[in-house]
Each structure stands twice: as C-alpha cells, then as structure tokens.
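Asker: Chain A is fixed; fit chains B, C and D onto it per the hints.
Protein chains in written order, with our numbering: chain A, 1 to 337; chain B, 1 to 337; chain C, 1 to 337; chain D, 1 to 337.
Note that these hints are calculated values from the structure, not bench results.
Derived pair list, reagent style BS3-like, types lysine-lysine, alpha-carbon separation capped at 27 Å:
| id | chain 1 | residue 1 | chain 2 | residue 2 |
| --- | --- | --- | --- | --- |
| 1 | B | Lys-225 | B | Lys-250 |
| 2 | D | Lys-281 | A | Lys-269 |
| 3 | A | Lys-105 | A | Lys-310 |
| 4 | B | Lys-225 | D | Lys-225 |
| 5 | D | Lys-225 | B | Lys-131 |
| 6 | B | Lys-139 | C | Lys-281 |
| 7 | C | Lys-139 | D | Lys-225 |
| 8 | B | Lys-225 | A | Lys-225 |
| 9 | A | Lys-225 | C | Lys-250 |
| 10 | B | Lys-81 | B | Lys-34 |
| 11 | D | Lys-281 | A | Lys-250 |
| 12 | C | Lys-225 | D | Lys-250 |
| 13 | A | Lys-225 | C | Lys-225 |
| 14 | A | Lys-250 | C | Lys-225 |
| 15 | D | Lys-225 | C | Lys-250 |
| 16 | D | Lys-310 | D | Lys-81 |
| 17 | D | Lys-250 | A | Lys-225 |
| 18 | B | Lys-250 | A | Lys-225 |
| 19 | B | Lys-105 | B | Lys-81 |
| 20 | A | Lys-281 | A | Lys-225 |
| 21 | A | Lys-281 | D | Lys-281 |
| 22 | C | Lys-250 | B | Lys-131 |
| 23 | A | Lys-225 | B | Lys-281 |
| 24 | B | Lys-225 | D | Lys-281 |
| 25 | C | Lys-281 | B | Lys-131 |
There are 4 protein chains.
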Amino acid sequence: MIGVGLVGYGYWGPNLARNFSRQADCRLIAICDKSPERLAKAARDYPGVAVTPRYRDLLRRSDIQAVLIATPVSFHYRFVKEALLAGKDVLVEKPLAENNRQAEKLLEIAGRTGCILAVDHTFLFTGAVRKIKELLDSKALGDLLYFNSVRINLGLFQEDVNVIHDLAPHDLSILCHLIDTMPVSVQAMGACHARPNQESLGYLHIEYPDGFMAHFHFSWLAPVKIRQTLIAGTHKMIVYDDMEMSEKVKIYDKGISVSPDQDSMYQIKVDYRTGDMVAPKLAHREALDAEAEHFLACVRDRSQPLSDGKAGARVVRLIAAAQQSLLRGGKKMLINQ
Amino acid sequence: MIGVGLVGYGYWGPNLARNFSRQADCRLIAICDKSPERLAKAARDYPGVAVTPRYRDLLRRSDIQAVLIATPVSFHYRFVKEALLAGKDVLVEKPLAENNRQAEKLLEIAGRTGCILAVDHTFLFTGAVRKIKELLDSKALGDLLYFNSVRINLGLFQEDVNVIHDLAPHDLSILCHLIDTMPVSVQAMGACHARPNQESLGYLHIEYPDGFMAHFHFSWLAPVKIRQTLIAGTHKMIVYDDMEMSEKVKIYDKGISVSPDQDSMYQIKVDYRTGDMVAPKLAHREALDAEAEHFLACVRDRSQPLSDGKAGARVVRLIAAAQQSLLRGGKKMLINQ
Amino acid sequence: MIGVGLVGYGYWGPNLARNFSRQADCRLIAICDKSPERLAKAARDYPGVAVTPRYRDLLRRSDIQAVLIATPVSFHYRFVKEALLAGKDVLVEKPLAENNRQAEKLLEIAGRTGCILAVDHTFLFTGAVRKIKELLDSKALGDLLYFNSVRINLGLFQEDVNVIHDLAPHDLSILCHLIDTMPVSVQAMGACHARPNQESLGYLHIEYPDGFMAHFHFSWLAPVKIRQTLIAGTHKMIVYDDMEMSEKVKIYDKGISVSPDQDSMYQIKVDYRTGDMVAPKLAHREALDAEAEHFLACVRDRSQPLSDGKAGARVVRLIAAAQQSLLRGGKKMLINQ
Amino acid sequence: MIGVGLVGYGYWGPNLARNFSRQADCRLIAICDKSPERLAKAARDYPGVAVTPRYRDLLRRSDIQAVLIATPVSFHYRFVKEALLAGKDVLVEKPLAENNRQAEKLLEIAGRTGCILAVDHTFLFTGAVRKIKELLDSKALGDLLYFNSVRINLGLFQEDVNVIHDLAPHDLSILCHLIDTMPVSVQAMGACHARPNQESLGYLHIEYPDGFMAHFHFSWLAPVKIRQTLIAGTHKMIVYDDMEMSEKVKIYDKGISVSPDQDSMYQIKVDYRTGDMVAPKLAHREALDAEAEHFLACVRDRSQPLSDGKAGARVVRLIAAAQQSLLRGGKKMLINQ
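Only chain A is shown next, with the shape it has when bound in the complex (with noise of 0.2 Å):
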C-alpha cells in the first residue's frame, strides 16, 4: 500500500485525487492548499483524507511515501526540492521548472537522493500516443522524415504566459517521447494580438542531427480547433488527429522509394507508393489512470517513469530556447549537446 499527499487543489489536483484514489494499493492520505475554500473542498469530496494548509505536514508524515503536485509554476522548483530531500518520491505537473538551471537542479536532487522524479505529461499516456510509440519503436515506419503539429483554437488566452508555454509542453513532450535525440536547433516566430509581449499566435521549428525536423503551429486565435500530428518515415506515415471521435491515429502504407536511375550514374529516381490505410483500435482508457498506476509501479519497483525527470527536463529546455529565439526575432538557437 503506497500512501500519497497531494498539495495543490485547484483546476488540475482534484483530477490526480480521484485517479490516485481509486488506484489498487494506494492510499490518498493528506491533501494540502494554501486556500481555505480549496481545503474545504477537498474535505467533502475526501472525507477520510486529511487537509492542511502547511506543505510540510505532508512531507513530515511518514505513511505518505509519493507527493503529487499541482500547484502553479512558480513553486515546482521549491516543492519538488523539499519533497527529494524529505526523501519522498515525486509526481510534479508540467512544467517540471521555470527555467533549465532549476530543472538541471532538480534532476541532480532525484539522482542523489535515488527518489523517483515524474513529470505529469498526460498526452504519453493516451491510447493514441501509446500506439504510435510502439509503432515507432517497432520501426513499422522506417526511417523518420519529420514531424509537423497544429495545436490551435479560439483559446483562452493565458495571465501570465505566451501561447507557446501553454501549448508546446504537450507536444514537445510527445515529440520528445517517441525521439529519443537532442535536437540540435530550435527557432520560433509569433505575434502579439492582444497584449504586447504575449504571443497568440506561434511557430516552432526544431532540428535534428541527421535532418529530422519538427515544426508546430500554435494559436489562442484561430476560427478552427485543429489538433493534427504527421509523422512520416520512409515506409509509413501517419496522421494523429485529437479531433476524431474514433480514429485518431491513422497509419498510411504511402511514401517514395528512392533508387538511381538506370539510365544515368548521376539521376535519382523517385517512385511513389500508396497502399492501404489502417486506424488501430486504441485503448479507451483514461490517460490519467493509466498515469496513476504507471507512476505507482514506478515507486513499488524503484524503476524510471516513462516520463521522468529528464524528460520534464528536456522540454523546459526546448521552451527555454524557443522563448530566447522568439526575443531575438527567430534567430536559429542552438542547443548544446
């Protein structure tokens, strides 16, 4: 039985509430905000569940062995500490920091402390992401070409952030995801529409070594909701739409085949190829369950989340820089290896 604290109740805790709740050998034990009518809340909807205002009575009690936390921002770095240090292991909402300094911090802690470090990207957890990480690793698709996202909306804008902060973590987390490299540059363009200095409408181009590129297309202010993924390699490629109802995921037996033509030495011939289409059954799971028991296990086996704290780490990374090259006009940013 794996006792948990949550700390944070606003709009994402009471989603981690009821999921850890009813996961099998887990117990909710204490549930911790500032908020007094937050903490009321919490008291009703967990009767048996004890509240606090004071984060360190969680991190005190020695029943909870996992904190889970959903609070804004500007705490991770500090909550996330206090709990590795206290010895705890960590579920933290993403962003997993500010800024790459706290999160190369962070990451440190976790090594040292041997606690284990998730990053709350729910996305990896779909049945549709799912699938196409396992064809990936499967390499049905053969060679990656590229990966190319739209993520846009009549949306709410954001207080405090630009449109590329509130959307890209999904998608860089699942880019990420299924691209096990570094990329080596990021570049991003936008427009401010509303408030000066907060974009509402971004671009994001990022490169690879070997030439494969991701390019993402975000906005608060389109007539359309549109949430499409191409990915394409040399054998398939497929079209990942948020916004069907039943095929999300459809794999493409399309592509060129490559060869020198025949005819001359320095001719390269193009052939197309076009089969059929398949749009896999996908598991209807809620991603967040399936989150909560993958993180518990985690715990119970000491073993790496799928996504930990490097990964939460990575995509702080990409924001990071994309943020320096929108200051700078879409300058090419480079990443360090």
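Answerer: Leaving out everything else, chains B, C and D in the frame of chain A:
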C-alpha cells in the same frame, strides 16, 4: 477583335489556347513551339490557326497584338523582352522570371514601351479568391492579423526545383494580391528527403512592417492532401479549403475584443466573440476563362491587369529571398523596401 | 419559490436533481426511490433534501408543488395519475406512458385537475432544435417538403424494447414539435439481428395529409455513428448534424422553383437555385437547464409547456402504430384524426 | 481482333467509343446514329470509322462481331433483339429493357442464339465495388445482415422518369451483384415535389428469404450530396462512401457476438466487438475501361459476363416492382421466385 499568338504548346499552352479561342472579340492567330510533335498537335487541335517553330514569326505579324507565353521559365526573360520590344502585350506563365534582376528589367521595359505585362497567376481568378479579395477590400475582416497556408500532398517531385519553388507561387500570388504592402523579411526552412539539395518539405515565414505575419507549409511528401488557408482579422476569420467540394470559403464571425480592464489601467481584458458562420456562394466559372476575359479587357482598355508585372516581380522576389534563407539555414532575410 | 419532489434516482434522476436544484425560485424538497443504495446516494449528494422510499410521502407534502418522475416507464401511468390527482404538477420522463389508452387517460386527468403535465423531451431544448423551430415558425424554409433522419450507431442493445422504441422518441418528439399537424399513416420495417423478436435495425415512414413525408433510419448495429436530419422546404434546406462539434445546424439557400414552361402549357420547368450556406450561432446552454427553467415558469404562470401531455401522447401513438406495422410486415397503419 | 459497332452517339456513346477504341485486339468499325449532327461529330472524332444513320448497316457487316447499344431505353428491346438474331454479341446500356416481359424475351433469345448479352452496369467495374465483392466472396464479413444505401443530391430532374428509375439502377445492380439470391418483396414510397406524378424523393425497401434486408434513399432534392452505402455482416461492416477522394471503402472490424446467457437458458447475451478499421488500396483504373476489356474477353472466350442479361433482367424486375408499390401507396409487392 484582338489577335493573339501563343508560344509553348506543352502542359499549360493548350489550356490557354482553349480559353482564349472561345473569348468574344478575340482570335487565336498563331501557335509557336519548337517541338514538331507539339506543333502537329496544335495544328490538329486548331485547324484554322497558323503554326510555326519560330518565335519571331509571331512577333512579326501585325495582326497579333498580344502574346501568351507558356514556355519553361528559362525562356521567360528573353521571350517577354522581345515581345514587349516588338510592341506586343504579354501574358506570361508564372513565375515571371528566374531572378529579381530579370523581373525588374522586364518591369522597366514594360513601363517604357507602354505594353501590358500580365503574369498568369490563375488562382486569383477563382471564385474563392475573388470572394476573399472582396471581403478584405470591404474591410469585413477588420484589421488583418495573420495568414496561414498549408499546401501538402504526396505530390510529384519536380526535376529541377524544390517544393517551395514549385508550390509557393500559388500561395504567394494570393498573399500579394490580398495584402498590398511589401513584407520586411522572409525566412525558410526545409528538408531534403529524396534527392540531396532538393527540399521536398518546406516552411516559409514572412513578416510585414505592421506585425502582420504569413506562414506556409509546403510538402511533396505528406500522407494526406491538404490545401487550407486561414486568414484572420479582428472582426472575422476565413477558412479557405480548396479540397472542399462546395463550401471552399467559410467566414467565421469569431474573434476577440481587447479593452483596458476597468479595474486596473495596466491590465487588458480579452473577450471572445463567436457568431454565425457563412459559406458564401462562389462563382463556378473556370478561373482561366475569367482570366482570359480580364486580360483581353486590359489590352482593349489599356488598363492595368489584376496580376501585373509588378505582382509577378514581387512573387519572384519573395521566392528568391526564401531560397537565400534556405541556403543559410533559416536565417531571416530582410527585404529592401 | 416552487417546491419540487423527485421520484427515481437511477440513470436520469440525478440529472434532474442537479438542474432543478440550481434554478432560481425553486427548491428541491424530497427525493424518493425504492432502492436503499440509490436513496443513500441521493442523501449524500443533497444533504438538505428529504429522502424517502415511499412515493406517497412526496404527494402528501404541501410544500411540494411539482413532481418530477424519472422511473421506468412501467411506473409512469400510476405515478403520473396519482400526482395529478394529488394536485401536483408533473414532469415525466419520455415516453409518457406504455400505450395510447394510458396516455389518453393521463391527458384527460390533467385537463380535469388543471395540473400542468409536461413530458421530458430534452432534445426540444437544445440550441439546435430551438433554432430550427425558430426558422420554421418564421416560414424561412418556405413550404415544407420532407424530414429525413438517421440515428445509427453500434449502440447498446436494450433489454426489453426494440431499436424503434429506444431511439424513435428523440426524433419523433422533434418532428411533432416542428410539424403541428397529425400524420395520416405510419409504416415500419425492421430486422432482428441478435435476439428474436427484437429489432436492432428499423425504418419508419410517416405521411401527412398534405404530402409532407418523414422517414427515419434507426440502428444499434452500424459501423459508424450518424445523427443527421435533413429538413427541406421550397426556399431553404437544413442539415442538422448532431455529431458536429460547432456547426450542428447548416441552412442551405438551395432549392428548386417550378414554373409552367412558356413554350407549352402542359410542360413544367424546374430551375435550380443555390446560394449561401449559413451555420447560425447556437445557444450553448445545457438543454436540461433550459427545460427546468421552462417547466418552472409554466408552473408559476400556469402556462402550457412546450412539450405537454398532448405532445407526449402523440409520440406514444406514433410508436404504437409503428409497432403494429412492424408486426404486420411493414403494412401502412392509418392514424385516426 | 474483335470488330465492334456502336449505336447511339449522344451522352454515353462517346464514352463507349473512347474506351473500346483503345482496347487491344479490338477495332471500332462503325458508329450509327439517326441524328446528322451527332453522326458528323462521330466522323470528326474517329476519322477511320464508318458512320451510318441505319442500324441495319451495322448488323449486316460481317466484320462486326459485337454491338454496343447506347440509345434511349425505348429502343433497347428492338435493337438488342435484332442484334442477337443477327448473331451479334451485345453490350446494352442500363436498363436492359422497359419492362419484365421485354427483358425475359431478350434473355430467351440470347440463350437460344448463344450470343453474349451484357448490360452496362458500370459501377460493378469500379475499384470500390470490385473490392467489396472480393470481401463478400471470401466471407470476410461473416453472415450478411443488411445493406443500406443513400444516393441524394440537388440533382437534375429527368424529363420522363422518377428518381427511383433514375438512380436505383446503380444501387440495385451493385446489390444484385453482391447478393446472389432473389428478394421476396419490394416496397417503395415517394413524394413528388416539382411535377405531379413524378417522384423526386424515393425510398425503396427490399427483403430476402433469410431476413437480409436492403434499404435505399434516393433524392433529387437534397441540400447535400451523399453517396454512402453500409453493408453489415456478423464479422465486419463496410462503409462505402463514393464522395471520399481516397478512402472510398472502409472496413470496420466491428460487430456483436450473440451467445446464450450462462445464467439462463432463455436469455441471450450480446457482446460488442470493435477493432481496427482498414481502408484498402483500390484500383484507380477507369471503370469503363475495365468493363470494355471484360466484355471483349467474354466475346473472345464465350464466357459469361459479370453483368449479364440475367443480372439486367433482375434489376428491371425490381424497379418494376418498386413502381407497382409506389402506385399502391407503399404496399409490399411479392416477387415470384
């Protein structure tokens, strides 16, 4: 009655012949092509029309007032120049010329000789683009915010040019037609998947002095065919989807309104607005038929074509800048005003 | 302040409780259910509300003016009758009753007692149906020509009823709401694929005195989910697609105009008309919230509900006729006027 | 080398001429049409082919082995009969004849003379229908449950026939091609919106001895164009959408399995099964080209055409029964076996 001569009877020439030969007050007088086979086909298709392998035969005829040029782009500069110097009006295939210098020179000659110089940007004469132009001219969209276009497919790899040279002229001619000012910068990124040094995937990013931004995604190597353009203004937003059978243009009464927050002079309040969507009836006429009629009217009235040499030169200039940016790894290329 | 009692806290009852308990000038006073588990849940969900396993407890309370009935249909007749005879206003789940005789009797009692009798046809309160009703009432469609509805899915096989009993009430309540006259005939065909004598595929065909025609396709055994209704008039035509996220109602300015041919008095000339398509903005409010407000207003003002007992009885009558036709192999059943 | 003669050079005849004239081992020898204008056009289109206004000229030529008949249906009976009696093989436009009696007579003559009689049901030669036929023949769908087809549009009102006569032959030829047994009954309902006694909206319902059921919705007066057929079996289900550009046939691994409930010998348990969806690659070849090749192979090998006189007669019979049902207000018409 306007006499017309055509040079080039390969892929596009027959379409020009067909559409000009059926215009009122116009007569197709002669067709020129250096290939005997193509010339023989022209003679079969149009029994009453003269055929010749020599371009100068067209230019010498006093009954030919206008020359239609549908040759490979490497001939454009010479053929357009000679026609203008011979006092002929000209409609030339896109792109106008191979480089800026050529394009500027042709503009200069056209100005000096007083001849009409038009570039065949057929898309401008589609019902969809005409409706969009009408909407923008009437200020129905409010202040323009951005233009985003996707033109991808598992398409035919061209022999000599990359995907941006191949596909961008369509979208850039539309952009320049809708937006009268000149951009300040161009960036392009791309990847080569079949032949080295020939991009089959390309992104183009264009910025304007007032913050307006245009972004393009081109691909010959996509699993699905997409031809979709978003054009957003402060009042309305347009989705132009050329793959739609009957509702190619959708006008969304969606947007945001920004006002200073009453509670604080430093805060800004963003309100969302969503209203009806209208898909207006579009003219079904073949674009090239409308274009032929328009060109002949310009010849008759000595008026300026919708898609004149200046428009053609602007597209050439943007593509050249994109090519420069590609070579320099996505560097922002400034456009001299 | 209107006091309300609810009987039945199974699948639908909690939705009624939630929506009525948040209406202004309304108080949910008591909840009745014979199951101790469901009653315990009601007590947890609504701490201040009385709970009882005895229906008569609701009817005895003088602070309850209206009773909401969300029990299985086999209880409807008795519970509605007793409520009306106790002087209570009633909102009862669809269908109103098990057969015509019961429905007519309840209508009669409601008329005699002066109590409000409303049937919960929730679809009538959706933004989509309200907009369509508004269009028809304003004669925007011209003369109505036909109604065609498809409601199919790989759906849940019901225990006791066939697919027409299960799904037709939705579409028939919409049809009867839009078209005020009574049909002259009903035909139904169907096939049983799982259990004998239980249709999982059904077609329903309804004709009106003036030639107007309604046709329905229902299925529990389809590979795709379709919820699409076409409503055509001489001036405009509507496509109502409930699977669309944001443009559920599309109004096509399409049609034909028929005129005597000038050349011949015996000939008729058919002209086609196609114009804009408009997808009007729809109210996003939860249908049951609007319905609760409407029912309470009827109770307060003693006005006639949109979906009154008569509407409920009409739906019961059409379904009964469909069942008769099914049993007789698709024979046309006449409806007495 | 098979010599072919064509009678009728109006709407469809030129397509037959184009496709047969390019087949290997086939020569188009003569074209017949009573209209001088159409005959002149035929002479222009095919300079080396004889033209004649007299049908008997075709029948007399010994170098013509097969006659293609593309005249109005009122000429079919006489022209087919004369061709068969002259020992010619025949491909005749759909429908084979105006009524059952004529169709039966032609069948009888074809049998007696040993000539090939084929009916031009072009849809059977599309990549989509060929793939579906292949799936059904391999029993991939399991036991067939139903066939449901929608073919609607704002279409051209025909002069002489109603919407069922106009559109049903397409779907009925597909149905009869896929399902070998003869139906037991036909019902049809319809409404006349433009001209009296000419249905512009029609429904057709067909039942088979084993409970299999086919249902059709035809309309000339719909706001949207739909061409969608559902074919369901116990193992798999097909959606055939002819409006889709690239994925016309989708095979869903969906269905139910029915088993006796273990708890009770009187109960039945329904389990749902959903798996992958596959859109198989389809042949892109023009249907009429494949049909011409097939017909010529049948002529050469004296083998039975896919769409022979018997298939043509069956479609004529079902349409005649539908017309009878329409006249009797939707009455079920039994088909003699």
